[in-house]
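Just so we're aligned: the sequence shown equals residues 215 to 504 in this note's numbering.
Just so you know, not all the hints are guaranteed correct.
Taking lysine-lysine and the DSS-like style, the derived pairs with C-alpha atoms no more than 30 Å apart in a straight line are [to be verified]: (1) Lys297 to Lys326; (2) Lys357 to Lys291; (3) Lys315 to Lys349; (4) Lys281 to Lys326; (5) Lys326 to Lys348; (6) Lys226 to Lys318; (7) Lys297 to Lys349; (8) Lys349 to Lys460; (9) Lys291 to Lys314; (10) Lys314 to Lys357; (11) Lys223 to Lys460; (12) Lys281 to Lys226; (13) Lys326 to Lys223; (14) Lys460 to Lys314; (15) Lys349 to Lys226; (16) Lys348 to Lys297; (17) Lys460 to Lys315; (18) Lys349 to Lys360; (19) Lys314 to Lys226; (20) Lys315 to Lys326; (21) Lys315 to Lys226; (22) Lys348 to Lys315; (23) Lys297 to Lys360; (24) Lys314 to Lys281; (25) Lys297 to Lys357; (26) Lys460 to Lys275; (27) Lys226 to Lys326; (28) Lys360 to Lys315; (29) Lys357 to Lys460; (30) Lys275 to Lys326; (31) Lys460 to Lys291; (32) Lys226 to Lys348; (33) Lys348 to Lys275; (34) Lys281 to Lys360; (35) Lys223 to Lys349; (36) Lys314 to Lys223.
Label-pair restraints from in silico Cβ distances [as the list claims (entries may be wrong)]: (37) Leu225 to Lys315: 35 to 43 Å; (38) Ser295 to Arg347: 18 to 26 Å; (39) Pro438 to Thr319: 37 to 45 Å; (40) Arg242 to Lys357: 16 to 24 Å.
To be clear, the hints were calculated from the coordinates, so they are not data collected in a lab.
These numbers were taken from a predicted model, which means no experiment stands behind them.
A virtual CB, placed ideally from N, CA and C, is assigned to each residue, including glycine.
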Amino acid sequence: MATYFSGRKLLKDFSTLSSNRRTRIDWRISEEWRDIDEGTASNCGVEGTCTVEAANGISEKTLSTLKQVAGATLGLKDVLSLKYDVELSLGREVNWQVSKKSVKTFRIQPPKCGRCALTVYQLFRIYELTCSRKKWLSFDEEKWVKLSTRTVEERTNNHDAILDTVESDPACRCANPPPEPMFDGLMQLSFGTIGLRVPYRLTEAGLELRIDRQAVRIGGTDLPADGCEVEIDASLVPEPLRFLGKVEEAATLRGRMVYADETDAFSFDIPLIAEAELGAAVVAPDQLLR
């Protein structure tokens, strides 16, 4: 279950030696989330669109590079042997199948006096491969000649989204704009390969999440610092994210809820509280607490 993080995160540094121990590949493998959507902001009740591309795996060019590294540099029979070595070192499965792409556009409907922006992210895995050859007639283990460094990428099947809906946008110039709900921070909801970050507020009854223009009230007054199990209707998840995660609208999603990192938009102190399982109830938009 992948959770969104900012920046690039190093997963592993390791080396692969050829059978004759004369050539070496130094690996530096990282992961980072990238914005993959197009045209997601709209305001003042004017319908907008969100276009996303579903693609998991690697490109033909990347596969060709990996085959060259496996065969020409390390003398391996095929790229599967190299893949196995990487998976063994990482302790996780990698997808080196050539990616099949599918593009789809979805409608985004903002509030009459506000705006709506959906940002969709995909987790990319970056492989930096440095090829080196050991000097001949040298018995020094450190005598390596650097040949080249290549970077290849894998698109994982992990996606995350953040939906920013504002009830009142000054640009709309509404005579009587609705008041804007107040929140304490962001909550991360993770359901297998998809995740969603949404605003939340603490109430006397527990937690209240804001997903688009719907309020989801969480039963219970406590939440462990490391999160808890949660269950929601898939219909609450933005359609582009359901498309990328291959989730049916009528499905029920079971996953984990944790406090998200602080952001510029939400500056708050996370309370240290605790409980096990929480249930969710959807509240009509006009029942949102302000």
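Each hint, compared with the structure:
no.	hint	in the structure
1	Lys297 to Lys326	violated (52 Å)
2	Lys357 to Lys291	holds (27 Å)
3	Lys315 to Lys349	violated (44 Å)
4	Lys281 to Lys326	violated (54 Å)
5	Lys326 to Lys348	violated (67 Å)
6	Lys226 to Lys318	violated (34 Å)
7	Lys297 to Lys349	holds (27 Å)
8	Lys349 to Lys460	violated (51 Å)
9	Lys291 to Lys314	holds (26 Å)
10	Lys314 to Lys357	violated (42 Å)
11	Lys223 to Lys460	holds (27 Å)
12	Lys281 to Lys226	holds (21 Å)
13	Lys326 to Lys223	violated (40 Å)
14	Lys460 to Lys314	holds (15 Å)
15	Lys349 to Lys226	holds (26 Å)
16	Lys348 to Lys297	holds (23 Å)
17	Lys460 to Lys315	holds (14 Å)
18	Lys349 to Lys360	holds (10 Å)
19	Lys314 to Lys226	holds (27 Å)
20	Lys315 to Lys326	violated (35 Å)
21	Lys315 to Lys226	holds (28 Å)
22	Lys348 to Lys315	violated (41 Å)
23	Lys297 to Lys360	holds (22 Å)
24	Lys314 to Lys281	holds (19 Å)
25	Lys297 to Lys357	holds (27 Å)
26	Lys460 to Lys275	holds (27 Å)
27	Lys226 to Lys326	violated (48 Å)
28	Lys360 to Lys315	violated (36 Å)
29	Lys357 to Lys460	violated (50 Å)
30	Lys275 to Lys326	violated (46 Å)
31	Lys460 to Lys291	violated (35 Å)
32	Lys226 to Lys348	holds (23 Å)
33	Lys348 to Lys275	holds (27 Å)
34	Lys281 to Lys360	holds (19 Å)
35	Lys223 to Lys349	violated (33 Å)
36	Lys314 to Lys223	holds (26 Å)
37	Leu225 to Lys315: 35 to 43 Å	violated (25 Å)
38	Ser295 to Arg347: 18 to 26 Å	holds (20 Å)
39	Pro438 to Thr319: 37 to 45 Å	holds (39 Å)
40	Arg242 to Lys357: 16 to 24 Å	holds (21 Å)
The structure fails hints 1, 3, 4, 5, 6, 8, 10, 13, 20, 22, 27, 28, 29, 30, 31, 35, 37 (numbered hints given earlier, in ascending order).
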